[in-house]
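Chemist: So the sequence lines, in the order shown, correspond to chains A and B.
Numbered by my numbering, the letters in the first sequence go through residues 1 to 322 in order.
Numbered by my numbering, the letters in the second sequence go through residues 1 to 154 in order.
Source of the hints: derived by calculation from the structure; they are not laboratory data.
Computed from a predicted model, the values in this text were never measured in an experiment.
Even glycine gets a Cβ: it sits at the ideal position worked out from N, Cα and C.
Hints are supplied without guarantee of correctness; some may be wrong.
With a straight-line cut-off of 30 angstroms between C-alpha atoms, the simulated BS3-like cross-links for lysine-lysine are [what the hints assert, rightly or not]:
#1 A:LYS47 - B:LYS71
#2 A:LYS47 - B:LYS2
#3 B:LYS128 - A:LYS218
#4 A:LYS12 - B:LYS6
#5 B:LYS22 - A:LYS59
#6 A:LYS59 - B:LYS72
#7 B:LYS22 - A:LYS19
#8 B:LYS128 - A:LYS19
#9 B:LYS71 - A:LYS59
#10 A:LYS208 - B:LYS127
#11 B:LYS127 - A:LYS59
#12 A:LYS12 - B:LYS72
#13 B:LYS22 - A:LYS5
#14 A:LYS196 - B:LYS71
#15 B:LYS127 - A:LYS320
#16 A:LYS59 - B:LYS2
#17 A:LYS320 - A:LYS90
#18 B:LYS71 - A:LYS19
#19 A:LYS12 - B:LYS127
#20 B:LYS22 - A:LYS12
#21 A:LYS5 - B:LYS127
#22 B:LYS128 - A:LYS90
#23 A:LYS47 - B:LYS22
#24 B:LYS6 - A:LYS5
Per label pair, the in silico range of CB-to-CB distance [unchecked claim]:
#25 B:MET1 - A:LEU273: 55 to 63 angstroms
#26 B:GLU116 - A:GLU182: 22 to 30 angstroms
#27 A:PRO303 - B:GLY70: 42 to 50 angstroms
#28 B:LYS127 - A:SER128: 25 to 33 angstroms
#29 A:GLU242 - B:LEU17: 54 to 62 angstroms
#30 B:GLY139 - A:ILE149: 36 to 44 angstroms
Facing chain A, from chain B, some residues (calculated, C-beta under 7 angstroms) [said to hold, decoys possible]:
#31 LEU17
#32 GLY40
#33 ASP42
#34 GLY55
#35 PRO57
#36 ALA67
#37 LYS71
#38 GLN89
#39 SER90
#40 GLY132
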Amino acid sequence: MRLPKFEYIEPKTLREAIKALSAHPTETLLLAGGTDLLVNMKYGVVKPTTLINLRSIPKLNYILEEKETLRIGSLISLHDLYTSPLIQEKFPILSQAAREVGAYAHQVMGTIGGNLCQGNRCRFYNQSPFWRSVRPPCFKTGGEICHVIRKPKECHSTYCGDMAPVLIALGARIKVIGPQGERIFPLKRLYTQNGKKPLSLRKGEILKEVLVSQSSGKSIYLKWRWRGSIEFPIVSLALYIEKEDNKITLARVVFSGLGEGPLEISEIEKRLLGSTLEDSIIDSLSEQVTKLVSPMRTSIYSPAYKRKMAGILLREGLDKLK
Amino acid sequence: MKRILKLNVNGEDLEILVEGHKTLLEVLREDLGLTGTKRGCDLGTCGACTVLIDGKPWLSCLTLAAAVQGKKITTIEGLAGDGKLHPLQSAFIEKGAIQCGFCTPGMILTAKAFLEENPHPSEEETKKAISGNLCRCTGYVKIIEAILSVSGSE
């Protein structure tokens, strides 16, 4: 499959990249590792007229420790992330999650910024032009209807990233830089929960770095997938809990693969507060979560199966964090 | 728009004229005639197009040629030196790790990068490292054997 023609730009600074991106925001896309974007371009589901290669900008692939906060440059590769002794020591869960993405070569090519901004997925969307040609274009590819629910003007494509649920569970923030300057906000707010436009980045904005603060809690990432490698999660779960006197004082429960963005389940988090993770509460929560999530049939896995697996993952995660 | 690309392929400095939308795989196979790098799925799933860029495995089907300006690229053609096969190539032959051979270039290059990073891996680590390189013939057993025999962890 050949890539369609486009204009290729290699900016030397972020300022140059922002300027180029702001000039034609709808037809210009940012390229980092390319493991997601170039596949979608070959499939013809994204058709940029211009690509800006962020990898030509020096000094965006750093991991810095400042006081209690780790600053991770958006162009650090997933491989560099998980081999970093600093990450392995301070945030082993981040190292583990980065190893779960794709396979060896994807980890070398893929970047943390690219992974956080990866496109949503759907069985009607991530397909060749030939495969898609039997139906009218879906809403995400510029048509009228969402084939998943057969309704117009809605998109239920699913977010399937590995790093976002973990970083949201760790309470990470991100720094984006755009024509109006920099802004820092919780990573959770990067995601709109809208399948057609999954990211909340404004015109000309670029993700510059991820900020994670050191914390005292325990965390775990569980990824359920078809094969032990390569695959996106069918469902995955990042859990983070802080305890005092054996009682939970803070809990974050974030799923991937179940919604239009990383899905934080606040009802479960609230019920976890004050609990000591006795068996009865774990039973009850893993039952409840299956009713709280409503995945769509965006892959070959049925919504019922995904709901069931959400409960199983929550049970396993809470058991391990006891 | 065409641009001049300077790169080092298998130890040789080259200057070629490429279009911005061409992938490294297309340039290697079509412009440089290095057909050892295979076009498999062409979507980054099978690993047949793996080459080494600055010693690390990259999927050349998902890499823009323009983006590797100034990089050192190793393809399977550049592995043997002075008429002698690379130890991994010899091991693949000795252990019978090649059948149709289509996955072999990518498999060997991934294994080379992996062993440089982790010279004495376990079997599990080796399986994980080559999990992005699909082989439909061998069942992987002999491939793992070949890689471990070179690492000395057999």
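Chemist: Please go over all the hints and tell whether each is borne out by the structure.
Modeler: Comparing the hints with the structure gives:
1. A:LYS47 - B:LYS71: 28 angstroms, holds
2. A:LYS47 - B:LYS2: 20 angstroms, holds
3. B:LYS128 - A:LYS218: Answer holds: B:LYS128 to A:LYS218 is near 26 angstroms, not above 30 angstroms.
4. A:LYS12 - B:LYS6: Roughly 18 angstroms separates the two Cα atoms, so the pair holds.
5. B:LYS22 - A:LYS59: 26 angstroms, holds
6. A:LYS59 - B:LYS72: 20 angstroms, holds
7. B:LYS22 - A:LYS19: 25 angstroms, holds
8. B:LYS128 - A:LYS19: At roughly 41 angstroms apart (the allowed maximum being 30 angstroms), A:LYS19 and B:LYS128 break the hint.
9. B:LYS71 - A:LYS59: Answer holds: B:LYS71 to A:LYS59 is near 17 angstroms, not above 30 angstroms.
10. A:LYS208 - B:LYS127: 34 angstroms, violated
11. B:LYS127 - A:LYS59: 33 angstroms, violated
12. A:LYS12 - B:LYS72: With Cα atoms ~21 angstroms apart, A:LYS12 and B:LYS72 stay inside 30 angstroms; holds.
13. B:LYS22 - A:LYS5: 9 angstroms, holds
14. A:LYS196 - B:LYS71: Between A:LYS196 and B:LYS71 the Cα gap is close to 37 angstroms, so the pair fails against 30 angstroms, i.e. violated.
15. B:LYS127 - A:LYS320: 26 angstroms, holds
16. A:LYS59 - B:LYS2: 27 angstroms, holds
17. A:LYS320 - A:LYS90: Within the cut-off at roughly 19 angstroms; holds.
18. B:LYS71 - A:LYS19: 27 angstroms, holds
19. A:LYS12 - B:LYS127: 39 angstroms, violated
20. B:LYS22 - A:LYS12: It holds: about 21 angstroms lies between the C-alpha atoms, which stays within 30 angstroms.
21. A:LYS5 - B:LYS127: 37 angstroms, violated
22. B:LYS128 - A:LYS90: Cα-Cα ~24 angstroms, so holds.
23. A:LYS47 - B:LYS22: 15 angstroms, holds
24. B:LYS6 - A:LYS5: 21 angstroms, holds
25. B:MET1 - A:LEU273: 55 to 63 angstroms: Roughly 58 angstroms apart at Cβ, these two residues keep to the hinted range, so it holds.
26. B:GLU116 - A:GLU182: 22 to 30 angstroms: Hint violated: Cβ distance 39 angstroms, outside 22 to 30 angstroms.
27. A:PRO303 - B:GLY70: 42 to 50 angstroms: Once the Cβ atoms are compared, 49 angstroms apart, the range 42 to 50 angstroms for B:GLY70 and A:PRO303 holds.
28. B:LYS127 - A:SER128: 25 to 33 angstroms: 30 angstroms, holds
29. A:GLU242 - B:LEU17: 54 to 62 angstroms: 58 angstroms, holds
30. B:GLY139 - A:ILE149: 36 to 44 angstroms: 41 angstroms, holds
31. LEU17: Violated. Min distance 14 angstroms.
32. GLY40: 12 angstroms, violated
33. ASP42: 5 angstroms, holds
34. GLY55: 10 angstroms, violated
35. PRO57: With a minimum Cβ separation of about 4 angstroms from chain A (threshold 7 angstroms), the hint on B:PRO57 holds.
36. ALA67: 5 angstroms, holds
37. LYS71: Result: violated, 11 angstroms to nearest chain A Cβ.
38. GLN89: B:GLN89 check fails; min Cβ-Cβ to chain A is 19 angstroms, beyond 7 angstroms.
39. SER90: It is violated, given that the least Cβ distance between B:SER90 and chain A is near 23 angstroms, above 7 angstroms.
40. GLY132: 3 angstroms, holds
When the structure is compared with the earlier hints, violations turn up for hints 8, 10, 11, 14, 19, 21, 26, 31, 32, 34, 37, 38 and 39 and for no others.
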